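Given next are the chains, with one letter for each unit.
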Amino acid sequence: MGNGTSIGKVRGLGSAKEGTHHWWQQRLTAGSNLVLMLWFVVSLALLPGYDYATVSQWLASPWAAVPMILLVFSTFYHMRLGLQVVIEDYQHDETRIVFLILLNFFALSGAVLAIFSILKVAFAGAA
Amino acid sequence: MANVRNEKRPLSPHLTAYKWGPHMAVSIIHRATGAALGIGGVLLLLWWLAALAAGGPAYALFLDVFTVEAGGLNIAGWIAGVGLTWVLFQHMGSGVRHLFLDQGANFELKGNRNTALATFVFSVVATIGFWVFILEKSNG
Chain A
98 MGNGTSIGKV RGLGSAKEGT HHWWQQRLTA GSNLVLMLWF VVSLALLPGY DYATVSQWLA
158 SPWAAVPMIL LVFSTFYHMR LGLQVVIEDY QHDETRIVFL ILLNFFALSG AVLAIFSILK
218 VAFAGAA
Chain B
-10 MANVRNEKRP LSPHLTAYKW GPHMAVSIIH RATGAALGIG GVLLLLWWLA ALAAGGPAYA
50 LFLDVFTVEA GGLNIAGWIA GVGLTWVLFQ HMGSGVRHLF LDQGANFELK GNRNTALATF
110 VFSVVATIGF WVFILEKSNG
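Respectively, the protein sequence lines represent chains A and B.
Numbers in the working numbering are just positions in the first sequence, counted from 1, shifted up by 97.
Note that the working numbering numbers the second sequence so that position 78 is 67, with each residue one more than the last.
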């Protein structure tokens, strides 16, 4: 560990090699989730209807599609970080590694599917 | 990586060892609602977005699973819609409380207990408000 300062150790020399990175990313995405989710809930409540034409027309607008993509990034990353901690707390044997790998696949493929869907609606320029 | 815990030694105190109170309830519910959102909420969001991308018939199927003919919610709609809305608002409320706790604030017993109770009040009021607003509008 050398003679580094305490903060120097935290910034990269600890056994995890990453200090408070996970913790901090969880808090950052918590903040962005809060803003984006409040936008999403209010937007949904204010929609004039919930039929296909109304909802797809709403999602096709850049004012909805762009924050929606940001919401997917923010919440899926937050979900990936949060469920990692849950798995680490409750899975103690080798299955932990399997669950963590599945979680990564779930988070990444889910986010790609969500963003592709949003872009498809947006670029198709729904009626 | 093998399980090296000595089975003869006790585990640290777990859920069953604590007396239930607002403080510990809000803590475990934050984890439970987070897991519910991470799995159930994500799957519902994915289905909704994919149905929108797939087109009218796929979206009609999505609506049909959660609503009755007249437009109101059926049982699945109540569980997935209203239930997940409460889960979202509860996780949001206790999450904001956690951001204050991270600053070292609000650890005095009384304030800690009151803010724990406040997250439940917020989640219930916000859920009712959201759905009354939507259902009132849909019913004209």
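Simulated from the structure, these hints should not be mistaken for laboratory data.
As the structure is a prediction and not an experimental result, all values here were calculated from the model.
For each residue, glycine too, the CB sits at the ideal point set by N, CA and C.
Accuracy of the hints is not assured; some may be wrong.
Stated by the list, open to error - Quick partial rundown of chain B residues pointing at chain A, CB under 7 Å, derived from the structure: (1) Pro2; (2) Gly23; (3) Ala24; (4) Gly29; (5) Val31; (6) Leu35; (7) Ala39; (8) Leu41; (9) Val71; (10) Gly84; (11) Trp120; (12) Leu124.
Unchecked claim - SDA-like, lysine to any residue: derived pairs with alpha carbons at most 25 Å apart: (13) B/Lys99 - B/Arg(-6); (14) B/Lys(-3) - A/Pro145; (15) B/Lys126 - A/Val138; (16) B/Lys(-3) - A/Thr192; (17) B/Lys126 - A/Pro145; (18) A/Lys217 - B/Ala39; (19) A/Lys217 - B/Trp9; (20) A/Lys217 - B/Leu33; (21) B/Lys99 - B/Trp9; (22) A/Lys217 - B/Leu124; (23) A/Lys217 - B/Ile28; (24) B/Lys(-3) - A/Gln188.
Inset, instruction - Verify the proposed pairing of A/Lys217 with B/Leu33, using a straight-line Cα cut of 25 Å. - result: At roughly 18 Å apart (the allowed maximum being 25 Å), B/Leu33 and A/Lys217 satisfy the hint.
Inset, instruction - Could you check if B/Val71 really has its C-beta closer than 7 Å to a C-beta on chain A? - result: violated, 13 Å
Legend entry - Restraint status (C-alpha distance of B/Lys126 to A/Pro145 at most 25 Å): Roughly 8 Å between the alpha carbons, so the hint for B/Lys126 and A/Pro145 holds.
Legend entry - Pair hint B/Lys(-3) and A/Thr192, alpha-carbon separation not exceeding 25 Å: holds, 23 Å
Inset, instruction - Given the hint that B/Lys(-3) pairs with A/Gln188, test it: the Cα-Cα distance must not exceed 25 Å. - result: With a Cα-Cα distance of about 19 Å, the restraint between B/Lys(-3) and A/Gln188 holds, given a limit of 25 Å.
Legend entry - 25 Å Cα cutoff - pair A/Lys217, B/Ile28: Holds. A/Lys217 to B/Ile28 sits at ~24 Å (cutoff 25 Å).
Inset, instruction - Verify the interface restraint on B/Leu35: the C-beta must sit less than 7 Å from at least one C-beta of chain A. - result: holds, 6 Å
Legend entry - Interface hint outcome for B/Gly29 [beta carbon to chain A under 7 Å]: violated, 11 Å
Inset, instruction - Have a go at the B/Ala39 hint: is there a Cβ in chain A nearer than 7 Å to its own Cβ? - result: Holds, about 5 Å.
Legend entry - Hint validity - B/Leu124 Cβ closer than 7 Å to any chain A Cβ: violated, 11 Å
Legend entry - 25 Å limit on alpha-carbon distance, applied to hinted pair A/Lys217 and B/Ala39: holds, 9 Å
Legend entry - Hint consistency between B/Lys(-3) and A/Pro145 [alpha-carbon to alpha-carbon, up to 25 Å]: violated, 62 Å
Hint compliance for this structure: hints 1, 4, 9, 11, 12, 13, 14, 19 and 22 are broken, all remaining hints hold.
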